[in-house]
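Trainee: Protein chains in written order, with numbering that gives the first Met the number 0: chain F, 0 to 500; chain S, 0 to 451.
What the hints contain is simulated information worked out from the structure, not anything from laboratory work.
Please note that the accuracy of each hint is not assured.
Said to hold, decoys possible - For the chain F half of the interface with chain S, some residues (derived, Cβ under 10 Å), not all of them: (1) Glu126; (2) Val128; (3) Ser151; (4) Arg295; (5) Pro296; (6) Arg369; (7) Asn399; (8) Gly406; (9) Ser444; (10) Ala447; (11) Glu448.
Quick caveat, the model's predicted, so the values are computed rather than measured.
Yeah, the Cβ is synthetic: ideal placement off N, Cα and C, and Gly gets one too.
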Amino acid sequence: MKKFTEFRNRLSAVLIIFAFAVMPIAAQKGGAPPQQGQSVKGADIKGRAPVNKEILKVKLPKAEEATLSNGLRVILLESHRVPTFTMQMVVLSGGLSDPNDYHGLASFTAAILREGTQKRTSKDIAEQVDTIGATLAANAGLSTFTSTITTSGLVENFDQTLDIFADVIRNPKFAQEEIDKYKQRQIAQLQFQRSIPQFLAAERFQRAIYGNHPAGLIVPPVESIKKITSADLARFHSTYYRPNNAMLAIVGDVTLKEIMPKLEKAFGDWQKTDVPETKIPAAPEQGTARIQLIDRPGSVQTVLQLGNLGIERTNPDYFAVLVMNQILGGGPAARLFLNLREDKGYTYGAYSQFGGSKFRGTVISSSEVRTDVTEGAMHEFMYELKRIRDEKVSPTELENAKRAIVGSFALSLEQPNALLQNIVLQKLYNLPADYWDTYPQMVSSITAEDVQRAAQRYVNLANLQIVAVGDASKARDVLAKYGSVEVYDTEGQPMTKKATP
Amino acid sequence: MRRFFIALLGLALLALYTFSAPVASAQTRVPRINFKERTLPNGMRVISAEDHSSPTVSINVWYHVGSKDDPEGRSGFAHLFEHIMFKSTRNMKSEMMDRLTEDVGGQNNAFTADDVTVYWEIIPSNYLETLLWAEADRLAGLNVNNENFLSERDVVKEEFRQSYMAPPYGKLNLLIDQKSFTTHPYRRPGIGNIDELNAASLENVRAFHETYYRPDNATLVVVGDFDQKQLDAWVDKYMARIPKPATPLPRVNVKEPERTKEARYTEYGPNVPLPAVAITYLAPSAASDDAFALTVADAILSGGTSSRLYQSLVYQKQLAQSANSFVDLREDLGLVQLRAILASGKKPDEAEAALLAEIKRLQSEPVSAAELEKAKNQLVADRLREIETNNGKAAAIGNAAVILGDANRVNTDLDRLQKISASDIQRVMRKYFSDTNRVVIYYLPESMRGGK
Numbered sequence: 000m001k002k003f004t005e006f007r008n009r010l011s012a013v014l015i016i017f018a019f020a021v022m023p024i025a026a027q028k029g030g031a032p033p034q035q036g037q038s039v040k041g042a043d044i045k046g047r048a049p050v051n052k053e054i055l056k057v058k059l060p061k062a063e064e065a066t067l068s069n070g071l072r073v074i075l076l077e078s079h080r081v082p083t084f085t086m087q088m089v090v091l092s093g094g095l096s097d098p099n100d101y102h103g104l105a106s107f108t109a110a111i112l113r114e115g116t117q118k119r120t121s122k123d124i125a126e127q128v129d130t131i132g133a134t135l136a137a138n139a140g141l142s143t144f145t146s147t148i149t150t151s152g153l154v155e156n157f158d159q160t161l162d163i164f165a166d167v168i169r170n171p172k173f174a175q176e177e178i179d180k181y182k183q184r185q186i187a188q189l190q191f192q193r194s195i196p197q198f199l200a201a202e203r204f205q206r207a208i209y210g211n212h213p214a215g216l217i218v219p220p221v222e223s224i225k226k227i228t229s230a231d232l233a234r235f236h237s238t239y240y241r242p243n244n245a246m247l248a249i250v251g252d253v254t255l256k257e258i259m260p261k262l263e264k265a266f267g268d269w270q271k272t273d274v275p276e277t278k279i280p281a282a283p284e285q286g287t288a289r290i291q292l293i294d295r296p297g298s299v300q301t302v303l304q305l306g307n308l309g310i311e312r313t314n315p316d317y318f319a320v321l322v323m324n325q326i327l328g329g330g331p332a333a334r335l336f337l338n339l340r341e342d343k344g345y346t347y348g349a350y351s352q353f354g355g356s357k358f359r360g361t362v363i364s365s366s367e368v369r370t371d372v373t374e375g376a377m378h379e380f381m382y383e384l385k386r387i388r389d390e391k392v393s394p395t396e397l398e399n400a401k402r403a404i405v406g407s408f409a410l411s412l413e414q415p416n417a418l419l420q421n422i423v424l425q426k427l428y429n430l431p432a433d434y435w436d437t438y439p440q441m442v443s444s445i446t447a448e449d450v451q452r453a454a455q456r457y458v459n460l461a462n463l464q465i466v467a468v469g470d471a472s473k474a475r476d477v478l479a480k481y482g483s484v485e486v487y488d489t490e491g492q493p494m495t496k497k498a499t500p
Numbered sequence: 000m001r002r003f004f005i006a007l008l009g010l011a012l013l014a015l016y017t018f019s020a021p022v023a024s025a026q027t028r029v030p031r032i033n034f035k036e037r038t039l040p041n042g043m044r045v046i047s048a049e050d051h052s053s054p055t056v057s058i059n060v061w062y063h064v065g066s067k068d069d070p071e072g073r074s075g076f077a078h079l080f081e082h083i084m085f086k087s088t089r090n091m092k093s094e095m096m097d098r099l100t101e102d103v104g105g106q107n108n109a110f111t112a113d114d115v116t117v118y119w120e121i122i123p124s125n126y127l128e129t130l131l132w133a134e135a136d137r138l139a140g141l142n143v144n145n146e147n148f149l150s151e152r153d154v155v156k157e158e159f160r161q162s163y164m165a166p167p168y169g170k171l172n173l174l175i176d177q178k179s180f181t182t183h184p185y186r187r188p189g190i191g192n193i194d195e196l197n198a199a200s201l202e203n204v205r206a207f208h209e210t211y212y213r214p215d216n217a218t219l220v221v222v223g224d225f226d227q228k229q230l231d232a233w234v235d236k237y238m239a240r241i242p243k244p245a246t247p248l249p250r251v252n253v254k255e256p257e258r259t260k261e262a263r264y265t266e267y268g269p270n271v272p273l274p275a276v277a278i279t280y281l282a283p284s285a286a287s288d289d290a291f292a293l294t295v296a297d298a299i300l301s302g303g304t305s306s307r308l309y310q311s312l313v314y315q316k317q318l319a320q321s322a323n324s325f326v327d328l329r330e331d332l333g334l335v336q337l338r339a340i341l342a343s344g345k346k347p348d349e350a351e352a353a354l355l356a357e358i359k360r361l362q363s364e365p366v367s368a369a370e371l372e373k374a375k376n377q378l379v380a381d382r383l384r385e386i387e388t389n390n391g392k393a394a395a396i397g398n399a400a401v402i403l404g405d406a407n408r409v410n411t412d413l414d415r416l417q418k419i420s421a422s423d424i425q426r427v428m429r430k431y432f433s434d435t436n437r438v439v440i441y442y443l444p445e446s447m448r449g450g451k
């Protein structure tokens, strides 16, 4: 047993969810004025919600760290609720390391890991994983800077699970037969996805924002899948799957003391090598506003996605954008939902969301609306996007949004996986060690001015990208009120004027 | 159907780093859920389980009324009603449930199934009393106006379009219920249809609430960080005061006749990329003894990538892009469904034959001890994943209490599952599956209409 350097992660302070104390429920605008009219049954329920004003105290559990003899970092978060564990190898290279014209190589490499190793066939792996009731999955996106291999299982099967996990990470075989089968499944999958309207919208939207940046693609091009060879996969694997380019994160009903010798045995002789650095390409500057419509004849709904380039995960505006998004469309209590669904009945849901990586992400508002209210929905979207920029949010909305974010953070403590995710994220982005301890304070410090400033920066109508998927014969004229409309078919090909209705 | 569904624009956000860690699994050491059960004088059943591992609490209210109770000519009504339960009550404005949960970082939602309608909240534990009050309030008295009602009806119609008309195989989900039952109200999909939703009125809402939303038709489940004595006091204060009506509770008593011959349907849909095949068989009630062996058989057929359907249709023969079985067990009776979405260029009859061959194989050869063990391990692991959270535990308890008729089955069913033998599986496969009791549906791209 080699060296065990233990660190204390600083996620240990007692976190006080002070935001709960800000506003008692009964004083909110939904503060329960008894209403007129007769109720169905005569129960004796008093007319105000009973409210507990106590401050909820939350304790963040701490993670431990250690290092294997070959330098592989290990992070463990103990959780003893049920006798299970989850283990994730985070390889610090992903789709952003794909060579030019080999989009999807990282993702292909990850997917093929479980299709056979030097000593296990694809079927052996499936059989053994299922037999112990475990899970095993590997993923890399087209524009991620990581590839992840995740397994979960019963603590009593820890050794067996670890054996399979280490085998697929270290000794994949890249057999031609498996590669051919995978390609066939993948190409069928791509064909299937083209029938999903949200997929078509997302594909077009990402292209609109990112152009030729790797994030401009959401699935690999078929030509690229076809030309990837066993040698390409093996090269990507041997270049990037290295202990000095990875981090092992574990959560579950285990202790560092009992698992370290096992991890050392499974990974300790995994060889280090120099790993080439991957340059993170910056997102391109935003172009002019465009409206792109994908014609999907016979659609009963129009999918609408409207948005702009947003921020990197480490941008100082992160908390302002977080609160702004919460108010605009973060959930069923947000403006888009209340307006388009609860007030107008246009849709089953309307939301906004944002994300960011080491390059700038997006801020998107979206909904699916019935075709004949596309016009009304566009009007309300534009109204809400303007309003969040032009007007300061009210103190009540601001406080509700902040309380919701902080409360939801506290509730995530119920899920140890979510906690581990936070710890990994802090490391991947080199966030301050006390990032999660100060998270509630950072959220609470956001003001109405901060929210407006974030909206003015990242909800930009001058270069807003609008993507719609629906029946062009009905949606085209409606969208034309907001600018000139480019029409595409579901394969992504521009449609000539003549062909468009 | 859920009241709302936040479909992540995941595809658009692939750039985002995600740590999607599926949770873990188990063999035999599934922890027992220690719950306390009592019935209030007004008939409400209350089941509670303390768990202080995080400062959160989950509330489930299970009403024993579902889509099968939709009034005649009002298909989709129970689900529409579920949405209306978030509108104004005697003491709450519309959407106040969202404020009471979302604004404190919690969550709430509801779903309507064939036999039940379930409302749930996950909240920081210091808001438990508030939400018990709110649940009592909407049980005691809805107070919905026509404007509210009409806009929510539009929302449900959009849910219908978004979930069943827009996705490529949405309509197939409707066809399965419509074609699999001839007589039982399960033949009406719970989402309803646009015409019958349009026919629904505010008067229907009032009558439905009065008929089914009563304490003796409700099961309250509370799991998480609370003090039992305090919970009992709050339940007595808010729930126990709701009177029990004197009128009887109507129950569906329709018997679905046995099938006597195979039925075949071919339907077409727009924007369907690849043909699909679905085969259904009638199955017994979720509460029946045979449910255990059918559940194990289902895991053997399609649990994981080593399962028979995946290995045969997807991996070896490359006939299908996906092949699955579902034991869709309900209170009165259920279905076993087999489904395959074909691979490019393959024919539906090839996939049908391959699916049926797997049924035959389960009937004619006993499964191996290793395969049996694997299926059981997967099922136990699934259960462990389910009960990791308070809300998962509450749902498991609610299901046992309401659908299976005995809350204690949340703890005892796994033992019964472990006792299933290879011959039990062979017996149920022979009992419920034959060449003359299946419904076969081909769901094809519009372009294949008129032969080819």
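Trainee: Against each hint, give a clear statement of whether it holds in the structure.
Mentor: Here's how the hints hold up against the structure:
1. Glu126: With a closest approach of 4 Å, the Glu126 of chain F hint holds.
2. Val128: holds (7 Å)
3. Ser151: Where the cut-off is 10 Å and the nearest Cβ of chain S is about 4 Å from Ser151 of chain F, the hint holds.
4. Arg295: Holds - the Cβ of Arg295 of chain F comes within 10 Å of chain S, reaching about 7 Å at its closest.
5. Pro296: holds (8 Å)
6. Arg369: Since the shortest Cβ distance to chain S is 6 Å, the answer is holds.
7. Asn399: At about 5 Å, which falls below the 10 Å cut-off, the nearest Cβ of chain S leaves the hint on Asn399 of chain F intact, so it holds.
8. Gly406: Hint on Gly406 of chain F: holds, closest Cβ of chain S at ~2 Å, below 10 Å.
9. Ser444: It is violated, given that the least Cβ distance between Ser444 of chain F and chain S is near 17 Å, above 10 Å.
10. Ala447: Check failed: Cβ of Ala447 of chain F comes no nearer than 17 Å to chain S, outside 10 Å.
11. Glu448: violated (22 Å)
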